[in-house]
Structures are given as C-alpha cells and as structure tokens.
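**Q** Sequence:
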Amino acid sequence: MEPSRRNEVEGTAAPGSAKIYRGGTHRCRRPADTLARVLPLAAQMGITRLANVTGLDSIGIPVYMASRPLSRSVAVSQGKGLTAEEAKVSAFMEAAETYHAENITAPIKMASLNELGERHAVIDVSGLPYSALGAFHSERRILWIEGERLGTGRDASLWVPLELVSTDFTLPQPPGSFAFPANTNGLASGNSLEEAQLHALCELIERDALSLWRLGGDAVRAASKLDPATVESSAAQSLLARYRDAGLNVGLWDVTADTGVPVFCCAVAEPSDTAVEAELGAGCHPDREVALLRALTEAAQSRTTRIAGSRDDYVPESYDSAAKLARNRTAQLWLSDPPRRSFADTPNLAGQTIDEDLGAVLARLAALGMDQVVSVDLSKPEVGIPVARVVVSGLEGAYQGEGSDYRPGNRARARGLTLPTWRPEV
1 MEPSRRNEVE
11 GTAAPGSAKI
21 YRGGTHRCRR
31 PADTLARVLP
41 LAAQMGITRL
51 ANVTGLDSIG
61 IPVYMASRPL
71 SRSVAVSQGK
81 GLTAEEAKVS
91 AFMEAAETYH
101 AENITAPIKM
111 ASLNELGERH
121 AVIDVSGLPY
131 SALGAFHSER
141 RILWIEGERL
151 GTGRDASLWV
161 PLELVSTDFT
171 LPQPPGSFAF
181 PANTNGLASG
191 NSLEEAQLHA
201 LCELIERDAL
211 SLWRLGGDAV
221 RAASKLDPAT
231 VESSAAQSLL
241 ARYRDAGLNV
251 GLWDVTADTG
261 VPVFCCAVAE
271 PSDTAVEAEL
281 GAGCHPDREV
291 ALLRALTEAA
301 QSRTTRIAGS
311 RDDYVPESYD
321 SAAKLARNRT
331 AQLWLSDPPR
341 RSFADTPNLA
351 GQTIDEDLGA
361 VLARLAALGM
371 DQVVSVDLSK
381 PEVGIPVARV
391 VVSGLEGAYQ
401 GEGSDYRPGN
411 RARARGLTLP
421 TWRPEV
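For the sequence shown, full-length UniProt numbering assigns the number 1 to the initial residue and increments by one for each residue that follows.
Everything hinted at is true.
Each pair of labels, with its calculated beta carbon distance range:
hint, residue 1, residue 2, range
1, 307, 40, 27 to 35 angstroms
2, 237, 108, 45 to 53 angstroms
3, 229, 272, 19 to 27 angstroms
4, 40, 115, 39 to 47 angstroms
5, 229, 108, 50 to 58 angstroms
6, 49, 83, 16 to 24 angstroms
Hints in this document: simulated from the structure, not taken from any laboratory. None of the values given here were measured: they were computed from a predicted structure. Don't be surprised by glycine CBs; every beta carbon is placed ideally from N, CA and C.
Please model the complete structure; the sequences and the hints are all you need to start from.
**A** Put into structure tokens, the structure is as follows:
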C-alpha cells in the first residue's frame with residue numbers, strides 16, 4: 001500500500017507508526033494534536049457538539065459525547081479516557097468513523113455467494129457472525145464490498161458482505177439484508193490506517209472473548225475474577241480508587257480467550273438497589289495495562305451514558321424498574337465471587353510500534369487458523385481521517401445478553417455453548 005494511503009492525516013505517524021503517546025491508550029499522535037487536526041472537520045461530518053458529561057456522575061472519570069443529529073445509525077457517540085483530552089478525542093473519532101461507514105462510496109456488487117465466487121475471491125462465510133433475525137444461503141443475492149486481506153500474501157483482496165461494513169441502518173434496507181448483525185463491531189478510526197486496523201481488530205477480539213465468557217456460565221466467570229491488589233499499574237489503581245471514593249462496588253475479570261490478546265471486563269454497581277443500575281465495561285489491547293484501563297473507563301462511560309439517557313439504541317424497557325433491579329442483583333452476585341487470578345497471569349503482547357502490535361495480533365489469529373482478516377478502507381480523501389472496518393472469518397459475534405442479535409457461531413458451538421434460558425444480564 002502506498003505511504004499516502006497508509007497515513008492520511010498529514011504528519012500523523014512516525015516511521016513504523018511509533019507510539020508517540022502512551023497514556024490510557026497507545027497512539028502515533030498526541031490527543032491534543034489529533035484534536036487540532038480533526039475538530040475543523042466536524043461540520044463536514046455533521047458533528048454539531050462535543051459535550052463534557054463527566055459531571056453527570058460522581059466518579060470523575062472523564063466522559064464526553066459527540067452529537068451528530070443527521071446520523072443514519074445513532075446520533076450520539078461516547079468517548080472516555082484518563083484525561084479530558086483522551087475522552088474528547090474518543091467521542092469525536094467514534095462519531096467520525098460511524099459517519100464514514102454510513103456514507104460508503106466504494107464500489108459494491110449485488111450477487112449471490114455462488115455468483116460472486118465465480119469471479120472474485122470471497123471471504124469464508126461459514127465463519128462469519130449471523131443474525132438471529134434472518135437467513136443466509138449461497139443463492140441469496142446480497143450486497144458485497146471488497147477489502148484488503150491482512151497478514152498474508154494470499155488473495156490480496158477478499159469480498160465481504162456489505163452488511164458487516166455499512167452502518168446505514170435507515171429503512172428500507174437493501175434486498176438481501178438482515179442476514180448479518182447490524183452493529184459497529186470492528187469499526188475504528190485512527191491517526192494512521194494501521195492504527196485504525198489495530199483498534200478495529202481489538203474490538204472484534206474483545207467481543208469474541210466476552211461472548212465465550214458470558215456463555216460459559218457461572219464456573220467460567222468465577223474462575224476468571226481478578227485480584228485488583230495484583231494490578232501493578234498506578235493508572236488502574238487510581239481509577240479503582242475513584243470508584244471506591246464514589247461508594248461503588250467494582251469487580252474485574254480476565255476474560256482473555258485462546259487468542260491470547262488481553263481482554264478484561266469490569267462491573268460497577270451501587271450498594272443500593274435504588275440508585276443507578278449496574279454497568280459493564282470491557283477492553284482489549286496487546287498491552288494488558290491498556291486493555292484493563294479501557295475496561296475501567298468504559299464502565300464509567302456506560303454509567304454516564306445511562307444517566308444521560310442520550311443513546312438512541314437504549315430501548316425504554318431497559319429503564320424499567322424491575323429490569324434495573326434484576327440487573328443489579330445479578331451484578332451483586334458476580335461481585336461476590338472471590339478473586340482467583342493475578343494480573344501477571346495475563347499475557348502481554350505490546351511492541352514498540354503500532355505495526356508491531358498489529359503484526360502480533362494477526363499472528364495470534366493465524367495460529368488459530370483465522371487468517372482471513374479483511375480490512376475495508378473507508379477513509380475519504382476529502383476528510384483525511386483513516387477509517388477501517390475489519391471483518392474476520394472465525395471470531396465469535398457479539399453476545400450481549402437478552403435481546404442480542406446473535407446466533408452462536410463455530411467457536412461457541414465447538415465448546416458446547418448455547419444461548420441460556422434467559423435470566424437478568426448485567
């Protein structure tokens with residue numbers, strides 16, 4: 001790929017995408033520099049407001065929201081971080097990447113799998129996440145888009161279902177829709193295309209690990225409870241102290257799957273059933289400290305988002321008092337498990353550059369036979385923000401409890417995991 005396509009934000013990336021910034025995340029540009037570059041682009045993408053909503057909660061972990069009223073998916077995006085600048089960048093870039101995935105201008109094709117396979121290399125659809133709402137078969141005509149195959153020289157490009165790339169959820173949907181889940185899993189932006197690809201991959205691996213963990217049941221959950229006293233990270237301990245000072249109960253779990261890429265889950269709950277309901281946060285990154293920090297900050301973001309009531313995809317039933325009580329009771333059950341794991345048990349794959357991190361993650365997936373990792377470059381030259389949607393054949397889809405558009409995939413079925421008889425989920 002030409003250098004001009006690899007680093008589209010002018011002046012962003014050092015050679016090899018060196019990690020210029022190491023805070024709550026690793027980036028090849030400092031948050032202040034990223035903000036200075038992207039804020040003037042807000043109107044072009046319909047972003048009308050960046051709001052600091054940290055003060056809606058009592059924790060003090062920075063949370064921002066970005067408003068995009070003419071969105072074709074959700075009109076509000078969230079961001080979190082160790083600092084206000086990190087949170088602001090996080091919210092803005094989430095809104096930006098969704099804009100790009102709503103407004104795809106790359107060529108697409110309408111064809112059945114059998115038709116397309118006669119002319120082009122196509123991703124192995126047997127390893128893709130399927131929607132619980134529809135059906136897919138080889139003669140069903142759907143829309144496809146071409147992407148770059150990462151980590152291997154074979155089949156430089158592969159075609160993937162557009163439904164796993166686009167976030168234009170307006171109705172009516174194109175013919176052949178509802179075969180795959182409509183979500184943003186694997187969508188990311190960055191200061192370079194490699195940075196976006198890495199963070200998109202981490203999100204996919206996070207959802208894979210969380211799905212297997214949640215479906216694994218009580219024994220799996222109990223065995224993965226992390227002892228916070230073993231966490232040798234001053235930043236993580238500072239976040240834990242913020243939760244404690246706010247009078248909240250917090251629990252951590254190492255949910256890293258066989259990919260070996262660190263994934264953590266964080267649950268936060270009030271001691272009383274009458275206050276804000278329990279929320280989860282999760283994080284994945286080659287650096288285990290960053291993965292844990294993401295889980296801790298996302299839990300705060302989830303609480304603030306619930307308090308603000310600003311998300312389009314929060315159905316009214318989720319605010320029902322009985323459902324809220326049930327989630328709180330479930331969270332308290334989770335939090336009552338004694339810790340059994342040490343932070344040192346979690347693998348650490350972090351390299352010195354973004355490229356090294358991306359290579360390490362791709363190698364882990366390839367070792368499990370998942371070598372069809374496809375990146376669709378959604379970047380727009382007129383905007384200049386690198387955006388990628390990554391699709392991996394083999395990873396488990398996102399199971400998030402009752403109501404998830406999820407059907408157990410190959411990895412869940414191979415472990416004998418099935419959807420549980422419903423009980424309240426956090």
